[in-house]
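Chemist: Sequence:
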Amino acid sequence: MSVEVGVRLEEVELQALKYLFDDEPGLAKLCVDIENFVVQARELTTVGFYSIINCKLPSGTVGSSREISKKISDPLLATGGCYVCWIEHDFTLCLEGFSDRNWPKALTPRALQ
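To get the working numbering, take the position in the sequence shown, counting from 1, and add 52.
A few of these clues could be false.
Straight line, CA to CA, 27 Å or less: simulated DSS-like cross-link-like pairs of lysine-lysine [what the hints assert, rightly or not]:
(1) K108 with K122
(2) K70 with K157
(3) K70 with K108
None of these hints come from the bench; they were simulated from the model.
Full structure from sequences and hints, please.
Modeler: So, in structure tokens, the structure goes:
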């Protein structure tokens, strides 16, 4: 299942970005306002989901290309899971949530449920 271009970031995606960026002062500031982002695509995968997100702020805010990942523990994830965000130079973020078991609906963007 995929979603149309140019839609609003959902709360589950914003919370994942906040969690990933909490140790990154410049990036953490982005997550104060959901309006800083536009979702270009969302997809369910066999192990979770991913979202392609455009950031509307100047390049200096996002920084250079890199990857940030953190393990997550949640009562809904029996064996844990992980969030990964690839940050591209053109202000594009690829956010992925995944687990080695079923990914819970509560941690999935509503548009994909």
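Chemist: For each hint, tell me whether it holds in the structure or not.
Modeler: Going through the hints against the structure:
Taking the CA atoms of K108 and K122, the gap is near 24 Å; set against the 27 Å cutoff, the hint holds. With a C-alpha separation of about 19 Å, the suggested pair K70 and K157 falls inside the 27 Å cut-off, and the hint holds. For the hint pairing K70 with K108, the CA-to-CA distance comes to about 16 Å; that is within 27 Å, so the pair holds.
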